[in-house]
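With chain Y held as given, fit chain A onto it using these hints.
Number of protein chains: 2
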Amino acid sequence: MIKSDTLIYLASRSPRRRKLLKQLGIIFRSFSVNTIEEVLDGEHPVDCVKRLALEKMNRAKKNVRNSIIITADTIVVLDKEVIGKPKNRKDAINILSLLSGRVHTVYTGFCVFNQKTNKSIIDFEKTKVEFRTINKDEIIDYVESGSPMDKAGAYGIQDDFGAVFVKRIDGCYYNVVGLPLTKLYNALRKLT
Amino acid sequence: MIKSDTLIYLASRSPRRRKLLKQLGIIFRSFSVNTIEEVLDGEHPVDCVKRLALEKMNRAKKNVRNSIIITADTIVVLDKEVIGKPKNRKDAINILSLLSGRVHTVYTGFCVFNQKTNKSIIDFEKTKVEFRTINKDEIIDYVESGSPMDKAGAYGIQDDFGAVFVKRIDGCYYNVVGLPLTKLYNALRKLT
Chain Y
52 MIKSDTLIYL
62 ASRSPRRRKL
72 LKQLGIIFRS
82 FSVNTIEEVL
92 DGEHPVDCVK
102 RLALEKMNRA
112 KKNVRNSIII
122 TADTIVVLDK
132 EVIGKPKNRK
142 DAINILSLLS
152 GRVHTVYTGF
162 CVFNQKTNKS
172 IIDFEKTKVE
182 FRTINKDEII
192 DYVESGSPMD
202 KAGAYGIQDD
212 FGAVFVKRID
222 GCYYNVVGLP
232 LTKLYNALRK
242 LT
Chain A
52 MIKSDTLIYL
62 ASRSPRRRKL
72 LKQLGIIFRS
82 FSVNTIEEVL
92 DGEHPVDCVK
102 RLALEKMNRA
112 KKNVRNSIII
122 TADTIVVLDK
132 EVIGKPKNRK
142 DAINILSLLS
152 GRVHTVYTGF
162 CVFNQKTNKS
172 IIDFEKTKVE
182 FRTINKDEII
192 DYVESGSPMD
202 KAGAYGIQDD
212 FGAVFVKRID
222 GCYYNVVGLP
232 LTKLYNALRK
242 LT
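Here the protein sequences line up with chains Y and A, keeping their order.
Going by the numbering used here, the letters in the first sequence line up with residues 52 to 243, in that order.
Going by the numbering used here, the letters in the second sequence line up with residues 52 to 243, in that order.
Some hints here could point you the wrong way.
Straight line, CA to CA, 30 Å or less: simulated BS3-like cross-link-like pairs of lysine-lysine [as the list claims (entries may be wrong)]:
(1) Lys73/A / Lys187/Y
(2) Lys218/A / Lys177/A
(3) Lys70/A / Lys170/A
(4) Lys179/Y / Lys141/Y
(5) Lys138/A / Lys70/A
(6) Lys54/A / Lys170/A
(7) Lys241/Y / Lys179/A
(8) Lys170/A / Lys136/Y
(9) Lys101/Y / Lys179/A
(10) Lys241/Y / Lys141/A
(11) Lys177/Y / Lys113/Y
(12) Lys167/A / Lys70/Y
(13) Lys218/A / Lys70/Y
(14) Lys187/A / Lys113/A
(15) Lys113/A / Lys170/A
(16) Lys187/Y / Lys177/A
(17) Lys241/A / Lys112/A
(18) Lys187/Y / Lys70/A
(19) Lys141/A / Lys73/A
(20) Lys218/Y / Lys177/A
(21) Lys218/A / Lys101/Y
(22) Lys218/A / Lys54/Y
(23) Lys136/A / Lys113/A
(24) Lys179/Y / Lys70/A
(25) Lys218/Y / Lys241/A
(26) Lys136/A / Lys73/Y
(27) Lys73/Y / Lys179/A
(28) Lys141/Y / Lys112/Y
(29) Lys177/Y / Lys179/A
(30) Lys73/Y / Lys167/A
(31) Lys177/Y / Lys218/A
Hints are computed from structural coordinates only; laboratory data are not their basis.
Bound-form chain Y, shown alone (with noise of 0.2 Å):
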């Protein structure tokens, strides 16, 4: 699908995005980054995780030449208020509680850049999910389980449980997962 002579490199450390970007074929290498990944005061959803997909991109593209580099960020916004990793364990149950029977809003931005042409895009998706009314029962199963905790708004809707506490989606699927695979797909295939 995407051929390219230039070595692709994903500046993430989530499994999750790993996972989405072989699923389409391309190969890839990837490293992590390190962003203190914090909302600004009054920022907009939208400027937010494009600006740290920016910033990621400073930092990763220090760390490989002629490439083309990826780099992303989801937050979770529910009423406003920007939902990020659970601290621990009762930060996820009481995140969950949050969710349960609510509409919330997942963002990804997203930065390309090829270094060889010196061009870059950058741009964002943004899904609705609806989540059914969970019980406690369901959210401390879930939340035992350990899965909750490296993940934006405490869940993964790729989950065993993530995948039965959403009722229905609003928007591009992938993008809930950490990456909004149609959008990117369209840009590698600019930049390459």
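Frame of chain Y; chain A shown alone:
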């Protein structure tokens, strides 16, 4: 999640359905049932998928005893026209060309029947799927991969190409893969 003393059977030959049910951590066995999957004149898609799920159940329940059985049927509808599995590669190319740049609807009907209690649930799920404009080369590459051939609508949203053909969905993602997990999970909780 679902802990049942009663054996669970999935009466479907679809590897996607088996994978989805495994994702829920459900222990089950599977076998296939043969039904003529045809749409009756003037039949609404909802009636059609529920009827076909029930017809499959009527056959399936003769094969096992004292068990919980799951059957399902998925169809793709574009402009009130039901699109089945492609007959051959040329048909797959035609179907994908039709879906390009447009919105279609995926319906799955499912039936869960507990032979011990004689209780059953029959329900359906519907999801709107929007394709981006896809070009002839992409369609041919995808059809060459062989993947579209056993799938209603000639695509799998979970495939390499399928994933990047879909721009957005409105509804349950897993319904498009072949089983509406959240609704099915709720049905199983009620019947186990």
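Do the hints match the structure? See the list:
1. With a C-alpha separation of about 23 Å, the suggested pair Lys73/A and Lys187/Y falls inside the 30 Å cut-off, and the hint holds.
2. At roughly 17 Å between alpha-carbon atoms, Lys218/A and Lys177/A fall within 30 Å of each other, so this suggested pair holds.
3. Using a Cα cut-off of 30 Å, the hinted pair Lys70/A and Lys170/A holds, with the two alpha carbons roughly 26 Å apart.
4. As the CA atoms of Lys179/Y and Lys141/Y are separated by approximately 25 Å, the hinted pair is consistent with the 30 Å bound.
5. Between Lys138/A and Lys70/A the CA atoms are separated by roughly 25 Å; this keeps the pair inside 30 Å, and the hint holds.
6. For the suggested pair Lys54/A and Lys170/A, the alpha carbons sit about 18 Å apart, so the restraint of at most 30 Å is met.
7. A threshold of 30 Å between alpha carbons decides the hint, and for Lys241/Y with Lys179/A the separation of about 28 Å falls inside it, so the pair holds.
8. Note on Lys170/A and Lys136/Y: the hinted pairing is violated, with a Cα-Cα distance of about 41 Å set against a maximum of 30 Å.
9. A C-alpha spacing of about 28 Å is found between Lys101/Y and Lys179/A, which places the hinted pair at or below 30 Å, so the restraint holds.
10. At roughly 29 Å between alpha-carbon atoms, Lys241/Y and Lys141/A fall within 30 Å of each other, so this suggested pair holds.
11. Of the supplied pair hints, the one linking Lys177/Y and Lys113/Y holds, its CA atoms being roughly 29 Å apart against a limit of 30 Å.
12. For the hint linking Lys167/A to Lys70/Y, the alpha-carbon distance of about 41 Å lies beyond 30 Å, and the restraint is violated.
13. Under the criterion of a C-alpha separation no larger than 30 Å, the hint pairing Lys218/A with Lys70/Y is consistent with the structure, at around 19 Å.
14. The suggested pairing of Lys187/A with Lys113/A is violated, with an alpha-carbon distance near 46 Å, which exceeds 30 Å.
15. Taken as a hint, the Lys113/A and Lys170/A pair is honoured in the structure, with Cα atoms around 16 Å apart against an allowance of 30 Å.
16. As the CA atoms of Lys187/Y and Lys177/A are separated by approximately 28 Å, the hinted pair is consistent with the 30 Å bound.
17. At roughly 19 Å between alpha-carbon atoms, Lys241/A and Lys112/A fall within 30 Å of each other, so this suggested pair holds.
18. Distance check on the hinted pair: Lys187/Y and Lys70/A sit about 27 Å apart at the alpha-carbon level, within 30 Å; holds.
19. Restraint check for Lys141/A and Lys73/A: the C-alpha separation of about 34 Å exceeds 30 Å, so the hint is violated.
20. Of the supplied pair hints, the one linking Lys218/Y and Lys177/A holds, its CA atoms being roughly 12 Å apart against a limit of 30 Å.
21. The straight-line distance between the Cα atoms of Lys218/A and Lys101/Y is roughly 20 Å, inside the 30 Å bound, and the hint therefore holds.
22. Taking the CA atoms of Lys218/A and Lys54/Y, the gap is near 22 Å; set against the 30 Å cutoff, the hint holds.
23. Only pairs whose Cα atoms come within 30 Å are accepted, and Lys136/A paired with Lys113/A is accepted, the gap being roughly 27 Å.
24. For the hint linking Lys179/Y to Lys70/A, the alpha-carbon distance of about 25 Å falls within 30 Å, and the restraint holds.
25. Our distance criterion of 30 Å between C-alpha atoms is met by Lys218/Y and Lys241/A, whose separation comes to about 17 Å.
26. Among the hinted pairs, Lys136/A with Lys73/Y is consistent with the structure: their alpha-carbon atoms are about 27 Å apart, no more than 30 Å.
27. Restraint check: the Cα-Cα separation between Lys73/Y and Lys179/A comes to about 26 Å, which is no more than 30 Å; the hinted pair holds.
28. Distance restraint check for Lys141/Y and Lys112/Y: the Cα-Cα separation of roughly 37 Å exceeds the 30 Å cut-off, and the hinted pair is therefore not satisfied.
29. Distance hint between Lys177/Y and Lys179/A is fulfilled; the C-alpha atoms sit about 17 Å from each other, no more than 30 Å.
30. Taken as a hint, the Lys73/Y and Lys167/A pair is broken in the structure, with Cα atoms around 44 Å apart against an allowance of 30 Å.
31. For the proposed pair Lys177/Y and Lys218/A, the alpha carbon gap of about 12 Å is at most 30 Å, so the pair holds.
The structure is inconsistent with the numbered hints 8, 12, 14, 19, 28 and 30, although it conforms to all the rest.
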